[in-house]
Amino acid sequence: MRKFMFDYSFHKVIYIYIEGIGKMLLGANKSLLALTVVAGTLLTGCNETSPDPKSTNPTQSVVKPNAPTGPIVNDDLDQFRWTWSQNFTGKQFYEIKVQGQPWVTVNGNPHQLVIDGVYAAGDIQVRVKADSTQNRTVSEILTSTSAYTASSAVARPKSPTNPVQNDNLNTFDWDLVTDFNDVSDYEYSLTGGVDWTAVASKPLEVGDVDIDAGHVQVRVKANPAADTLAGSILISSQAFRSGVPVVIAAPTLPDIVNKNIGNTGYPNEVKTNGFSWDWVTNSNTKVTYDQPEHYEFTNDGGTTWQAVTYKPQHVGPKAYDKTKVGVRVKKNAIANKVNPVGETLFATAASTEFYVTRVVSMKSWNQPKDLTSYGTWSKAEASGCYIEYDAKGENPQFWAYAGDASSADKVPALLNKEFCDMPNWTLLGSTEMKAKTLVDSSYISSTFSSSLINDSSRHWSSEVANDIETLKVIKSGQEVTASFGTKVIVNWALPDTAKIVTESASTDADIKALVSLQNSNWQTTSADLIAVINKIETLVDQPLTPLLSDVTTADTEAKAVFDVLTSALVEYQERIDLLTLYSTMLESDSSIDNALKTTINTNVASTKTAFINLTALHTSFKSALKVTPALTALIKLTDQNTTADTAKETLLAAMDGADIHAKSLDLFAAAAAIKDFIKANISLVSDLNSATHDLPKVSNAALISALDKLLVIFNNLPTSTEVDALNAHAVTGLKRASTAGYSVTAGDAVIGTHFAKLDINGGYLLSATTYAQGWRCVIDNRDLVRQRIWTLLKDGLPNGADDLAFDASGAGIASVMGAGGLVESTNTTQLCGRSDWALPSKGQLTSLETGTVNGGDTIDVNVFPHHLALNPKYDTNRWLSGSLPETKFWYWAAEERSSDEQKTYHYRTVNNNSSSGSELKQGDEDEVVLGRLVSEIKLSYQLLDSVGDATTNSDTAVCAYQPDTKLTWQLFNTDDLGVRQKKYADVLLEVSQLNSNSLCGKDNWRVPESTELVGLLPLDRSVFRFNDTAAYSSYRCYVANEENRWGRQLCFDMTTETMGEASGTSAYQYRLTSSDK
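Residue numbers in the sequence shown follow my numbering, run continuously in steps of one, and reach 1095 at the last position.
The set of hints was computed from the structure by calculation and includes no laboratory data. Don't take each hint at face value.
Ranges of calculated distance between the beta carbons of each label pair, as one might list FRET restraints [claimed, not checked]:
hint	residue 1	residue 2	range
1	Pro-441	Ser-396	23 to 33 Å
2	Asp-993	Ala-743	53 to 63 Å
3	Lys-220	Ala-527	47 to 57 Å
4	Glu-904	Ala-325	44 to 54 Å
5	Ser-738	Pro-441	53 to 63 Å
6	Gln-496	Glu-904	48 to 58 Å
Using 25 Å as the maximum straight-line C-alpha spacing, the simulated BS3-like pairs for lysine-lysine come out as follows [unchecked claim]:
hint	residue 1	residue 2
7	Lys-239	Lys-715
8	Lys-220	Lys-176
9	Lys-355	Lys-220
10	Lys-697	Lys-640
11	Lys-644	Lys-891
12	Lys-654	Lys-577
13	Lys-984	Lys-956
14	Lys-340	Lys-410
15	Lys-666	Lys-654
We treat Cβ as the ideally placed atom computed from N, Cα and C, and that holds for glycine.
Modelling step: build the complete structure from the supplied sequences, incorporating the hints.
Put into structure tokens, the structure is as follows:
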């Protein structure tokens, strides 16, 4: 492996031509970028060729610039961009050739091509121009790597028209595009499409600045909410010229930052070659250039300029001449603002010097890490690396700290990493490591010493014998044993050029073969999809089920190819990135044959073009996978329509009650299937539109045409109105079945432990009936007096049909309460035969906890389908690393917490206990809160006086009799805790006293059971007027006659509607009851 000789400052060699002497003096390190000084003028020279008598001076050496690099095709903007050739950073040095046209000077970088011009890959060529006065020939050519297509193939707004340019007023105006009548619909660029800013006023004021023709551009801006792409561009045809030349002053106060130079002890010497200055403010425009990215620096007297990333800026590793290091404001420094290059501040007046910097901390392979605000180094990030130089600031080597490993088995896991955006880092061989660890490493800053190979630490190395690798630990030139803290420090080197050539050729051949193969597969898939769509269009009112197998085959094959292409894109992107890195590095190595460089660059460019084609195929198969579900759903819907029509006709024809009932359930199911499709249709149509939009237009015209026909079919499918009509027939059918004498017994309708299924009319349904077949409610068999019925959820989904605000109907938000809300609409339709639906109390909600999870009570999802809280998709463990966010499903309760908040409740899940909460009423809640309603017969009471006679005077009534439950309840006429609270033993004494006195004519008074106390809810407060007292929460519950497993009385809190326990030594509330004999 050849160690790569690299200097990110991009200058290594200086050829000096002394006028009058006529010979070249060669500086150090011939392998890298060279500079030529001819009569005091700096020019780039990388490759020497024979003199061209037609364009150069044959008595002087000919300079051939490097070719520009980094071709960027912007098909949307019809622009071609590239990276400047070294030392040629102005458009005046370049010329462009469009297929069939002569070479002309570029109009900028990017170069603006003819709008909507169509060009094949390779039709656009750019090169550095020849200049006979400087003995310079043209460079090699850089070509476009992909095609330009007419933007008319893409649905986007048209370009503005009628450009009006006024250089005197510095304005640019245009006519508006139809349907885009507000200036806020537009955006502009003053930098040839690099930056875009929203238009605030019209005409556009560009300022008194120099702007090249084509660089002022206006278009309709993108609007993702309306699915509108950015529009076609109107470009300026003339340049703007400033009346008074704008001059950006040079920065001031140059400062070279190297710390504690000459110190041998604390504080340690820190060489950073940092360069700092004061920000520049333009005296005319008052614009302040106060960010590092507004500047660029040079370390070679202005021949090359590099971007500033921080202040102070590290300028390179060498002991530079201060007169060669400078900084200036760069051209167009602030996004979408125009300014010329500023004047240069050189470091000449700085009080200190630049020094050789042996170690530089790097962000990426060619960008140093920012210095701290104090001008010192900081360690490279975990993904960063280091460049180490020799004592002259030359011969760079890449190093990275991968971690520590106390044993050999822990090393491999640290080696499969990228550092500084470069793969393939390796350990040094043991021989190299021994030599390296014998070198005095005192030049390494203490900041970096633990991250680089030094002469005092243990380091892992590699030794290969007979193709078997052995890991060895080296310290100070000797093999030693591993211990805690043994370092894994890896090295990166550029492969041999011949190997890079081979790899670039094989990559290009491999990807082209893959493109060819998968393009053939795509043609087959496309043809299959077109055939199915055409058959669907042809087979009107006929069964389409036979087409399902064709769609399934197409989907399976498309998925298989899509997965292959997904993996291939990752693989080839990595290979391209690596080859591009190699290519970029080799550009600055003049020891490499230019023909080899050209071969590598050509192969990489060809591979990138093939990669674009591979990406297009990947997009095509992705589109196919959006089409196949739509086709499947459409085919099934067609058959479901037939099923629904058949079910409707057979229902109308049925005469037997049982038959009518069965056919009604069939029609419900058929309507539900169509409704499911209608709900999915929005997503399916969106996917079809996306597939049509994303498909590459040029090669898929036939498929796009077929998809357009498919969209028309989807837009004419059944609507929810038609589904409602089918359901109405099914509802009528159930009523007919009942009239005909058919009914399901309560015993046959049982579901779960305490419930029975009801249909939409309130009749019993067989236990096996599904929601799709018309199951809409359940009745709670535990309270036959109240006959409590519950609604089922429609889907239970977050943001679904049941996820409702409490009362935001006035704002057009789906709500539980208010006009058109769940309660009102359910009562209007008399769901399940009831018209008194309401929100349940918390106690009623908890009564549904007849299931179990993790040993605790929860709602039974078999009784209440669409309760999704136990679904692992939503019930996640938030404490586990990498788990998805949890979703809690709350239910609105009848109780109000405040005027702005309503109480809520959620049931126990695997990962969460049940709990109560509250949410804002007006639709501002950010939780999933569902609406489930309850209906029950309200119990009525007869007030009794002390002898048991009926009375209407609540002030003299001492008992309340409920005829349905046949229970008489004790009443109180005070909330005085002295009367209302007693220890359980005293409550039993009162039972004896009441029986002795035959209160209300009863002599069998007793302490109620817990279920009887619960049965009082929802409490009729006009009867039980003093139920709530000021008792402390622990003592406000009502004692029951049962004991828990610890021998304590059960105690029911009617405020929180929860069951607790009572201590025999404390006083609690009570209410006695008596049963009819």
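The hints, checked one at a time:
1. Pro-441 x Ser-396: 23 to 33 Å: holds (25 Å)
2. Asp-993 x Ala-743: 53 to 63 Å: holds (57 Å)
3. Lys-220 x Ala-527: 47 to 57 Å: holds (54 Å)
4. Glu-904 x Ala-325: 44 to 54 Å: holds (45 Å)
5. Ser-738 x Pro-441: 53 to 63 Å: holds (55 Å)
6. Gln-496 x Glu-904: 48 to 58 Å: Because 56 Å falls inside the window, the suggested range holds.
7. Lys-239 x Lys-715: It holds: about 23 Å lies between the C-alpha atoms, which stays within 25 Å.
8. Lys-220 x Lys-176: Roughly 18 Å separates the two Cα atoms, so the pair holds.
9. Lys-355 x Lys-220: holds (17 Å)
10. Lys-697 x Lys-640: It holds: about 23 Å lies between the C-alpha atoms, which stays within 25 Å.
11. Lys-644 x Lys-891: holds (23 Å)
12. Lys-654 x Lys-577: holds (21 Å)
13. Lys-984 x Lys-956: holds (15 Å)
14. Lys-340 x Lys-410: holds (17 Å)
15. Lys-666 x Lys-654: Between Lys-666 and Lys-654 the Cα gap is close to 18 Å, so the pair holds against 25 Å.
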